[in-house]
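**Student:** Same order as they appear, the protein sequences are chains R and P. Numbers given in our numbering equal positions in the first sequence, counted from 1, plus 18. Numbers given in our numbering equal positions in the second sequence, counted from 1, plus 18.
Because the hints were derived from the structure by calculation, they are not lab data. Check each hint, because a few of them may be wrong.
Because identical chains cannot be distinguished in the list, a pair is counted as satisfied if it fits within a single copy or across any two copies.
Stated by the list, open to error - DSSO-like mimics (lysine-lysine), calculated; alpha carbons at most 27 angstroms apart, straight line:
1) Lys203 - Lys139
2) Lys452 - Lys471
3) Lys162 - Lys139
4) Lys486 - Lys237
5) Lys164 - Lys471
6) Lys289 - Lys409
7) Lys447 - Lys240
8) Lys313 - Lys302
9) Lys137 - Lys78
10) Lys203 - Lys304
11) Lys237 - Lys304
2 protein chains.
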Amino acid sequence: MSDQPLQPPVDQLAAATLSDVAVVPKHEFSDRVPIRSILGRPDGGSGLAGQRARVGGWVKTGRKQGSGSFAFLELNDGSCPMNLQVIVDSAVADLGLLVPTGTCVAVEGVLKAPPEGTKQKIELRVEEVVHVGPVDPAKYPLPKTKLTLEFLRDVVHLRPKTNTISAVARIRNALAYATHTFFQKHGFLYIHTPIITTSDCEGAGEMFQVTTLINEAEKVEKELIKNPPPSEEDIEAAKLLVKEKGEAVAQLKSAKASKADITASVAELTKAKEKLSKLEERFKLKPGIPQKDGKIDYERDFFARQAFLTVSGQLQVETFACSVSSVYTFGPTFRAEHSHTSRHLAEFWMVEPEIAFADLKDDMNCAEAYVKFLCKWLLDDCLDDMEFMAKNFDKTCIDRLRMVASTPFERISYTEAVDLLVEAVNGGKQFENKVEWGIDLASEHERYLTEVKFQKPVIVYNYPKGIKAFYMRLNDDSKTVAAMDVLVPKVGELIGGSQREERYEVIRDRILEMELPLEPYEWYLDLRRYGTVKHCGFGLGFERMILFATGIDNIRDVIPFPRYPGRADL
Amino acid sequence: MSDQPLQPPVDQLAAATLSDVAVVPKHEFSDRVPIRSILGRPDGGSGLAGQRARVGGWVKTGRKQGSGSFAFLELNDGSCPMNLQVIVDSAVADLGLLVPTGTCVAVEGVLKAPPEGTKQKIELRVEEVVHVGPVDPAKYPLPKTKLTLEFLRDVVHLRPKTNTISAVARIRNALAYATHTFFQKHGFLYIHTPIITTSDCEGAGEMFQVTTLINEAEKVEKELIKNPPPSEEDIEAAKLLVKEKGEAVAQLKSAKASKADITASVAELTKAKEKLSKLEERFKLKPGIPQKDGKIDYERDFFARQAFLTVSGQLQVETFACSVSSVYTFGPTFRAEHSHTSRHLAEFWMVEPEIAFADLKDDMNCAEAYVKFLCKWLLDDCLDDMEFMAKNFDKTCIDRLRMVASTPFERISYTEAVDLLVEAVNGGKQFENKVEWGIDLASEHERYLTEVKFQKPVIVYNYPKGIKAFYMRLNDDSKTVAAMDVLVPKVGELIGGSQREERYEVIRDRILEMELPLEPYEWYLDLRRYGTVKHCGFGLGFERMILFATGIDNIRDVIPFPRYPGRADL
């Protein structure tokens, strides 16, 4: 039993794993040791027996033992899914205050090997309770009983305290950092594309409007109630006053009055003029949103035009791809669609790389390498959380990650995909949606290909131009475009991408052919007018990736603060 | 002169620098070699002489030489600020097409040592021109003459093609990845706080409204114009028809008509009823935004309540700090303020860490370590871009980074800061704003402290409670709160943070004292009701950090797509 502080061994642990930045070293900005630094060691913490440590966390389960002479607390601080077992004597603290689920405690003591035969490798014997943040179990909204994910959506501010939501937070964090690391390693620059936009990505979906007009109108209305506008008579009276004061000045001047008298009279005139001008200004104030020619006057909105929340950063990030070659954007995107499904959110995150001097094959290579990298990262960095998911949500999720990380993706053309689906129908497979060349593949088709036919990720490429966006590169057959979708088991489409049309005349014709206006795309056409370059890119729905990894069913449970029709808590 | 491909040596370079992920290895998803992989080598590329390479990029300057028998092109691909010199023979390509500034080319050839006495260490002799994206110099909006940053804001889609904006993009990218790496290394989880929010961060600023009401109203109006609503007479006529058809059915039934006749008659009645119901539905359609009790009916808006763009992720990220201990958010934030200054944007990015089991001192330690880490990262990773900035914008910017990276920050209390300012005034220093205990420090005061008095970063802590937010922890003196600001030369305030009030009764009283409503903060109070924990955090304005690093004066030039009053291009 030594009195030396825990710091040295944990610091060594930190140094040993510094290249693997996702492992938690000793916390430099807190006086506690993260529980992961103890239980996350290869020896499960047993090598730290005898060391002194201060830890902090929230009680998962607490129970008094030995006729109330001591208590066991299972303590979790969010640094890992494992709880540290903590033993407190009744001489040290009021045990009744410590044991309720949800209680926050910071405790200091000595790490000890537990009795043989218990599953813990190490436990903490508390000598001092440094802090208690109590919980009244009668009022606490998260009782120890198993709560449904649906129930937890109604307590979005407390749900990170649950095992599932905190595990998802760690997995989401790992995937986000893995994303940055992958692209940085390959020389891509992270570009912050705008959230507020005045151009839409070819009607990718319904857009939210961003405005200050309503707010301004409400301010005016309040102001007009508090302080009614002048009447026409008020204006006339003020005009008359100005006239009178003007005449007075003229009179004094022609009478060659004293300078002092004239100055005083001019001051009165100025005052009268100011009053009139203020009244006229206020007379113009109208309640309601400003209109012009029967329409809303967006010149009076904050950006002097109609503005929206972005549906994709692709078009904007292309301006950087066409200048600095390899770029990506990773940010929130929005759809104002009234979808009440388990796969749609009004606010979600997308990863969108864009590569210059690259074609559809490069695009597919990049997408495959990226998805594999993410899967490998989770297996290396989040295995404990993945084991929690496998145990509680999807037995196959770890095997799925291993398979995707190690198996080359199948690549088939759209035409081949349709042939395979027709073959399946002829073999007795039933689909709800009809299969024929030219259709947009439905989710059931995609999942058949990846889950049944190939049982691994499938990239489908070269889609009919009629079902794809104007900016996708027209193939030589003039019927298909160089688009590709990555389909994976469990979620279907995970990635959509394409080589972009870099030929000025071709893209111009495509815009006109699709009856889109040219003017809003002039800037986009400029990228083809001046120093055009072959380029490609794709978008990965970040929440879909988390659904794929964890096996969780509803997208509302894999984003910290879900937004959907009728709901935007906090 | 060997014919072996460039890949092996560049791959070795990549492997050698893989731990330093910010160095560009050979591009895996393109057939070109990034110019940085050549010129970014310690030998400036000279060791690659004799190797074959394909590169792609845009012509910075091109000139024909030797009576037009060959051309020099300075080629840049955005992977680094340096240009590769490329020599093309007139036998290989139409030189006139290649030399205009802005032209995109992909070329293949052999790397050669240039003649002695030239500044290049390596150049490329082209054997094949693989791609040309031409430019008509008469129309190109970015002529070779030096362009002002102001001018470039009007061509936001093309400005990444300039040396300055591309250098800023690389510096911004480096700072973003450094931010993630710093927090990941210290065990923080990256949490995506919401962009659309229904709670405001204690009136941190004017908010943008997010709505679908206007759009819906416009749809209704268009529909009503295309298809005018029924008149009252139309409704009456339809009602009459239903009555008649009903009577007809009754008549047939009482006359015991054939089943076929009755069925036909019932069908007619049903049709008439449907028509009436549709007319009544359309009769209710009103142009304009839906109202209820004289106010806008937000129950009909997308989220069934008023929604805004976030001004800060702090309050939301606290829900995770109080569950998983160490977290940060890094995302866009918004202010609808009509500021036309060089320091304000309507959309900007913020980094906001939040640490549980930590107090104000930990907060200051974290802020100082983070800022130092960023400065060191730029010196290690972006020195070539920083040299460009030093040459073109701010001679002192590299020295400033070195100083901040290596000097302990001064820490003084607000009271000490005011004493020092008063002392300066007594010594003859003139400020525009009066100095006395209780004022909010103005920018001139902050810059005096960091630039003149200490000539290094200064952290001022323990501010008067009257000028700070309700959530900051009240000190024992009951006069000050545990807030802190980090002031740095060149920009003044870079970071603002505080220990948060974790005591339920105290924060409740503070909310009431500041005459804020309790109801919107009930969820925030819950964090103190159930398992409360000592915690702290801060916010760093990401664009301010870039201004500080680069010495650029206007914030509109350090974000890819600036948004400010009257302006939101693309």
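**Student:** How would you classify Lys203 and Lys304 at a CA-CA limit of 27 angstroms: within, between, both, or neither?
**Tutor:** neither (57 angstroms within a copy, 56 angstroms between copies)
**Student:** Is it within a copy, between copies, both, or neither that the alpha carbon of Lys289 lies no farther than 27 angstroms from that of Lys409?
**Tutor:** Classified as neither; 80 angstroms inside a copy, 55 angstroms across copies.
**Student:** Using 27 angstroms as the alpha-carbon threshold, which applies to Lys313 and Lys302: within, between, both, or neither?
**Tutor:** both (18 angstroms within a copy, 22 angstroms between copies)
**Student:** Within a copy, between copies, both or neither: which one fits Lys162 and Lys139 at a CA-CA cutoff of 27 angstroms?
**Tutor:** Answer is within: at 25 angstroms inside a copy they meet the 27 angstroms cutoff, but 69 angstroms across does not.
**Student:** Given identical chains, is Lys203 near Lys139, meaning Cα to Cα at most 27 angstroms, within a copy, between copies, both, or neither?
**Tutor:** Answer is between: at 26 angstroms across copies they meet the 27 angstroms cutoff, but 38 angstroms inside does not.
**Student:** Between copies, within a copy, both or neither: which fits Lys237 and Lys304 at Cα up to 27 angstroms?
**Tutor:** both (11 angstroms within a copy, 24 angstroms between copies)
**Student:** Checking an output row: Lys137 and Lys78, CA cutoff 27 angstroms. Within, between, both or neither?
**Tutor:** Answer is within; shortest intra-copy Cα gap is 17 angstroms, inter-copy 66 angstroms.
**Student:** At most 27 angstroms between C-alpha atoms: does Lys447 with Lys240 qualify within a copy, between copies, both, or neither?
**Tutor:** neither (64 angstroms within a copy, 45 angstroms between copies)
**Student:** When no copy is specified for Lys452 and Lys471, does a C-alpha distance of 27 angstroms or less occur within a copy, between copies, both, or neither?
**Tutor:** within (18 angstroms within a copy, 77 angstroms between copies)
**Student:** If the cut is 27 angstroms between Cα atoms, do Lys486 and Lys237 qualify within a copy, between copies, both or neither?
**Tutor:** Between copies, since 26 angstroms is at most 27 angstroms while 45 angstroms is not.
**Student:** Go through the copies and call it for Lys164 and Lys471: within, between, both or neither, with a Cα cutoff of 27 angstroms.
**Tutor:** So Lys164 and Lys471 fail the 27 angstroms test inside a copy (38 angstroms) and across (59 angstroms) alike.
Violated hints for the displayed structure, listed by number in ascending order: 5, 6, 7 and 10.
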